[in-house]
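Q: So you can see what is in the structure, the chains are spelled out below.
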Amino acid sequence: MMMNIRKLLVSLLTILLPMLAGLPIPYLLNFNQYYILLALQSVIIASVALAWNIIGGYAGQLDLASFAYIGLGGILATELMINYNITPWLGMLLGSGISAALAFIIGYPLFRFGIRGVWYALSTAALVVILHESVIMVLGPYDYYIPFVEGWYYLRFRTWDNLYYFSLFILAGVIFLNLYIGRSRLGYYLRSIREDEVAAEAVGIDVRKYKLLALVIYAAILGFIGYIYIVSQRTFSYKTFSGPQSVYIAIIGIVGGLGSVSGVMTAAIFLKIVEEYLRGFLGGVLPGLHLLLFGILLIVVGVLRPGGLSTFIEPLLKRTKTRLMGGKV
Amino acid sequence: MFPSPGLMAQSLLDGIFLGFLYSLMALGLSLVFGVMGIINFAHGDFIMLGSYLVWLIANSVRTDPSLVSIVTVPLFFVVGAAIYTIIIRPVFGKEPLIQIAVTVGVGYVLQNTALMFFRAEPRAVQSTALNLYIGLGPVNIHAAKLVTALLSSVIVIGVHYLLTKTWVGLTIRATAYDREVATLMGINVNKVYLLVFGLGIALTALAASLWMTFGQANPYIGTSFGLLTWVIIALGGLGGVSGLLASSLIVGVMQSLTMTLASPTISLTVPYLVFLVVLWFRPQGLFGRRE
Chain E
5 MMMNIRKLLV SLLTILLPML AGLPIPYLLN FNQYYILLAL QSVIIASVAL
55 AWNIIGGYAG QLDLASFAYI GLGGILATEL MINYNITPWL GMLLGSGISA
105 ALAFIIGYPL FRFGIRGVWY ALSTAALVVI LHESVIMVLG PYDYYIPFVE
155 GWYYLRFRTW DNLYYFSLFI LAGVIFLNLY IGRSRLGYYL RSIREDEVAA
205 EAVGIDVRKY KLLALVIYAA ILGFIGYIYI VSQRTFSYKT FSGPQSVYIA
255 IIGIVGGLGS VSGVMTAAIF LKIVEEYLRG FLGGVLPGLH LLLFGILLIV
305 VGVLRPGGLS TFIEPLLKRT KTRLMGGKV
Chain X
11 MFPSPGLMAQ SLLDGIFLGF LYSLMALGLS LVFGVMGIIN FAHGDFIMLG
61 SYLVWLIANS VRTDPSLVSI VTVPLFFVVG AAIYTIIIRP VFGKEPLIQI
111 AVTVGVGYVL QNTALMFFRA EPRAVQSTAL NLYIGLGPVN IHAAKLVTAL
161 LSSVIVIGVH YLLTKTWVGL TIRATAYDRE VATLMGINVN KVYLLVFGLG
211 IALTALAASL WMTFGQANPY IGTSFGLLTW VIIALGGLGG VSGLLASSLI
261 VGVMQSLTMT LASPTISLTV PYLVFLVVLW FRPQGLFGRR E
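Protein sequences, first through last, are from chains E and X. Per our numbering: the first sequence ends with 333, consecutive numbering throughout. Per our numbering: the second sequence ends with 301, consecutive numbering throughout.
Keep in mind that the hints were calculated from the coordinates and are not lab data. You may find that some hints are simply not true.
Unchecked claim - Here are a few chain E residues that face chain X, going by a calculated C-beta distance under 8 Å:
id	residue
1	119
2	129
3	133
4	138
5	291
6	295
7	299
Said to hold, decoys possible - Distance condition first, Cα-Cα at most 30 Å in a straight line; then the derived BS3-like pairs of lysine-lysine:
id	chain 1	residue 1	chain 2	residue 2
8	E	276	E	325
9	X	104	E	276
10	E	213	X	104
11	X	201	X	104
12	E	276	E	243
13	X	201	X	175
14	X	104	E	322
No residue lacks a Cβ here, since even glycine has one placed at the ideal position from N, Cα and C.
Could you build the full structure based on these sequences and the hints that come with them?
A: As structure tokens, then:
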């Protein structure tokens, strides 16, 4: 009985820890708005990469369409707010729904016809380009700025602090979903699909159904985050449907370690810090240097350590956890 | 409003010329994928970097872009062989996702190297001997495109003969067919892979040279050529050179007609949509079979 409560507390702590660690950051940064915006962007990217972890990390499907879902959900919520004064709280849910619907429409035939591996990756990459080009036809080649509105009704504020705190809740939610799925039946199914799809099918797992489920969950999360992403970028356009950005999310997921929550989160935040540091110092001289380094990092991880950063972090976490649990796991 | 027959003929012709160049672009990728089973996501970025190199050399020594291939093709062969040895060989037999990820990393490196050295500006070669038009009834034939199409088809067919009629080709096909048995027959599989990967990358340099006789280099053509060449392979299957040529021509014409009839902004949407649908209903491709 004691042990169970302790176990529950530790699990709760794992989910809340990033949030608790994130809360005092604006104080530590002295409410410097530039740094808080960076913190907000890293929390968003971490959430997106963790959502990717469900389809890419657990299920092993190299999805390169994350910004298709972010763009669709985010632009829907933003347009609803601008044109009909509908609160983003509702808009984000609708965005989540429309992204999940798109994922279903795309995923159903893909999985129904047994498309996997490189063909799945290519199909998702093609999806981003198709949306990118179609949205030019709809929205035109312009950048749109969100009119200045303020308050919790619009989830937009004069400073970035509140949105940052809000994004921490989203991150905690995505971490919870990841851990929950990781330990549930679905998580075991997905990992067995990643390891060997044919074998998984042979032991009676409905491969299509669970891959589709993972894809829809992933897309729903991204559609929800979309609005916050657009607000943090201050602008939206057809360029929101970005192929390179979608690849970047997959890079984070792989560098962090497939299926590892702590690894992916560390990778997202670490890469963001490196990116900003290099941009600040060398951005004017050598644009794209950070991306070049990320490419090299991805190659190094793939060749030498396919487990990613998680191979360094997880043993460390396990030791801490064991100590917290009183020597037993 | 429907465009005039002359315009349609022009568009069709341009599409066919482009299609032949696409077949050369896809040839290296098809070799690497067909023989080694390696999924190269950096293929288009090699074409992109090759185009920039061609621009750099052709402009600094004032020569025709097609002649620059004498330098870039051997260079790319060496680069390809080095990448195979350092990066591709260690991930052989690992999860497909890791294999793809590694080549995505290579593509990222190439793309951002180009961005660093050449910035994001599009570049075109100033002087090319082939920049003239031959009037032929309602259509104008751009000499550069015509020569590109002719050379591309010659090279594609040449490589086909290399594979089917020569000793080296037999070795390559044996390795593709069964790696282990090929090893038992005394074939140095590693050498074959080195050769094939080097050749696959060298062919992108050639395609880039021809592309630069009429096209532009910018950091983003890598992504679109990369996807397009994969689309061509998906449509053509790995059946052989006829499937490759047919699907390249289809993609080229589709793209060209979309630009004329609809809008250049959606020139990739139509081939990609066709790709998605073909992938669903004919996973073996339109013309060939795929394992």
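Q: Are there hints from earlier that the structure breaks, and if so, what are their numbers?
A: Per hint list: zero violations.
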